[in-house]
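If you want the building blocks of each chain, they are given just below.
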Amino acid sequence: MTDQNNKHDTHSPLNAAVQHPIVRLSDVCKTYEQGKVRVNAVHDVSLDIQHGDFAALCGPSGSGKTSLLNLIGGLDVSSSGTVIVDGIDLATIDGSELSEVRKNRIGFVFQSYNLIPVMTAYENAAFVLNLQGVDETECRDRVMATLKAVGLEGLEKRRPDEMSGGQQQRVAIARAIVTEPAIVLADEPTANVDSHTAESLLDLMEQLNRQQGVTFLFSTHDQHVMDRARRIIQMHDGKVASDHAQAG
Amino acid sequence: MNIISLASRNVRRNWQRSLVTTLAMAFASTIIIFYGALMEGMVRGSEHNAVAMSSGDIQIHAKDYRDDPDLYKRIIEPDLLTHKIRDAGFRAAARIYGFGLMATDSSSSGVQLRGLDLQHEQEVSEIDQHLMSGTWLRNDDSHGVVIGKKLARQLGVALGDELTFIGQTADGYMANDIFKVRGILKAVSTAIDSAGVFMPEESLRELLTLPEGAHEIVVIRDDPTVDLKVATQEVAALAPAYEVLNWQQLMPVIARFLETANVQTLIMMIFTYIAVASVVLNAMLMSVFERIHEFGVMKAIGVRPWQLVRLIYAETILQTCIASLFSLGAGWLIASHYQKHGMDMSALAGDISFAGIAMDPIWYAYITPEVLITPILFLFILAALAVIYPAIKVALIRPLDAIHYQ
Ligand SMILES: Nc1ncnc2c1ncn2[C@@H]1O[C@H](COP(=O)(O)OP(=O)(O)OP(=O)(O)O)[C@@H](O)[C@H]1O
Ligand SMILES: [Mg+2]
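Taken in sequence, the protein lines are chains A and B.
Residues in the first sequence are numbered from 83 upward in steps of one, following the working numbering.
Residues in the second sequence are numbered from 514 upward in steps of one, following the working numbering.
Take these hints with a grain of salt, some might be off.
Claimed, not checked - Covered stretches of chain A, going by a simulated chain B footprint (3 or more residues, C-beta under 8 Å):
id, segment
1, 155 to 167
2, 174 to 188
3, 302 to 308
Just so you know, the hints here were simulated from the structure itself, not pulled from any lab data.
As the structure is a prediction and not an experimental result, all values here were calculated from the model.
Glycine included, C-beta positions come from ideal geometry on N, C-alpha and C.
Just chain B, same shape as in the assembly:
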């Protein structure tokens, strides 16, 4: 009789206990698979939000511009540079920025004006898809603007309302003009939500009397599988006079958080598994103690300690296999449901954001091979560790004591 069938009979022998043990393992790893998929989904979602909504993969600025966003710290001949970058296999769009005050009859707020090259902007960002209400900018609507949702709330404006801009032109004169709110964005990031005013590039140039140059060039990899660091170096080589940084360098807090998200899953898993390990340990200890006499007889008639250890391990691994299959199935089902439909968190938490980046209120899970395999791998490690002590117990049974132990 082979060890697997002996082990499986022993597992079925006290089937209630085996069921509880197996379910505990299955339940824990299902939870971890689901949790891991949610974390993965959050990471991908946030990365997407951070990159696709505003930062892009890589940004080019004049040196020092980010520390001191002076209107004159510009990228000279941005069209030339964006052409070169596009020829190198990227998508690129130039942006210009300005600062000032937006006012209504009753209130005002400091704003960041964002002048976009509408044609190319849609190649590098999805912000035009991210409207809560209204429509996106149009080149033929030079005084139409799209604003952040908090700014809209703060100024108390709705679609179609007028805003008065008060600021300074590049040459030091007073700048002011009236704009119409055409669209209000969904949550994007703290900066955009509370101060972002988007308008066509030409309108902003006119307003600020800024005939040429750009403050920022946003670059996206055409092929997202290209390594970000490598891509950054390539772009940097094309723009040696400027500061070239990728989004991980621009938003180190978020990058770090996203990088450590899987560590968080790991920590969650370890704590959950420690609880399960105690269930497994207890169950196996009980099952070993119940069979001391039997193991004693087996040893007396010539079974070696390592053979009993193998049997105990076979019994445990059998249960772990069943638990794994179950949790792979259940975890995959649950996670793929939420990958498709998402979990609507808006009722629960309103606007969710962290480190300045807004999250979609619909939280999608995302299944990767690691999300499925890591919890299973660790489940086996857990089971193997938990059963060391019972296995040692069995190995050390003296047949003489055991035979007289009933």
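This is chain A alone, in the form it adopts within the complex:
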């Protein structure tokens, strides 16, 4: 499962000086219609995510965090407004280009069951690189380095069912960052692990953010997790209620 690697270097940590925001949302709305009920899951949201951000999307259940992440990640299309990711207006591209954007420019960490059960940690982490067609030796170097960086050295051959929830999330993070995406989107990445594990996952993300310049946008309910973010985007009824920096 490989195809052409058309990833560009514009978002590598070395290009931190590039000034355009990685994500730019302008007047984005997402309306769901369920029967006769219309739900404004995302309502007139405008915000930028800058390179190097370590931002948390917070807010009560149903406030639109997941919906917003899905729009940014190109998993869903907005009802109105523009979503620009890494310079690309997602509304202007078709499904297969969207798939390319997800593969090459975005890293995803889901809440749980991120991994392909029949693949080892190594193979899961290498999965997207394989899709991109990165050659084997380079792939091996990058995956081994990344697994080491997420603290999984020596566990490369483990299958997901042979790892703890925290270890599985580390593999998911490794898979997300090994392609050096413009941004890593994580929807409640710590919701299914205990608080101790959550803490260490956050340590990892923060370290990757500081040392490798990986941009993170993650949603959370958890006050401890929020406290670790350097930017807090508070959502309420689909709107951004507040957006401020804090000392991480």
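Go by the hints and put chain B with the ligands onto chain A.
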């Protein structure tokens, strides 16, 4: 990680289900291979019986003889014609026929007398090998006859018993003579079984006062790979004054039946495979539904729909390959066992015949490349068709729905 190893891991993941699917395919194609080999064996056996026991490849008659077998509708100078035919690369033997009544003390039956040129007859037929009891005709035993098995039963005669012939000579006088039963044939065909009386040509000529000519010349290709139609034309060119027909024209019902035997195998295969297709379809659908979340994640991180379709196909084809290997092995083993030893049907069915041609009570299978390959080819087609729907399902999964589907 390449698609084959991913597919094979997925196949092993729910190995019970994969095993059931694979076994269903393997079992069905084994059955079809075996069935096909049996049909092929039956076709070859019947063809052999039809051709080798009486009809030969090609027959020559005087025009109209077959519609009205009159003693006088003869082939003139048959020796000349058979020589020409032999020189052209065939084997040939002349026969003469007569009709009348055979009687014992207690019963009688209409018979067809068959006068054979014993020396050449054995070059064109195997009927002399087909005795149930007794011995074959001999030129020095002018009143010895070999008769069909039903006729023997009907007349209540055994080897050594006497038969009285009553009929008419060619010139219209009464013909009658006494013959001794030397041999009784195994089942050959309805006509021979219930009315056939074989004797040396000379004896029959004498009985009927028929000094010359023949009613039939039987021709066999020396090289059986020569096309039958071509051979028929060649012989026809040598005997322009006569009717020249090959066995397929002489026995169109049998020829048609044998030609359509592979269609019957095909129909049997299609019905069996439809049942198997539903197993494959169900199994693949189940395995797809179980993995919706996983496929959703894969799509979210950049896997394209066609890549998932390819994966589903790889998984199916992998199982089909295993099933094929199994059924090729098992089908070949079973079929070759029955090719060697045959299946004794006599206890089950007694005399088997169709369209007037008797079958050997031992039914032999016969393996040809088509017998092995066709079921396998169709198995792949079946699997490919059965998995279209699951594959479409996978292709259409929206990552968003799938990720939240657990
Ligand atoms: N597919 C959908 N169809 C209809 N309504 C939806 C759909 N997805 C989300 N919604 C609605 O949109 C609103 C926002 O949902 P969303 O999942 O984005 O909230 P959230 O902040 O992620 O909540 P949680 O913290 O529970 O995950 C909710 O009212 C939800 O019911
Ligand atoms: Mg949510």
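The hints, checked one at a time:
Remark: the segment 155 to 167 of chain A is confirmed as covered by chain B, as 3 of its residues place a Cβ nearer than 8 Å to a Cβ of that chain, reaching the required three. With a threshold of 8 Å between beta carbons, the proposed coverage of the segment 174 to 188 of chain A by chain B holds, since 6 of its residues qualify and at least three are required. Proximity of the segment 302 to 308 of chain A to chain B, defined as three or more residues with a beta carbon under 8 Å from a beta carbon of that chain, is not established by the 0 residues found.
Hint violations for this structure: number 3 only, all remaining hints satisfied.
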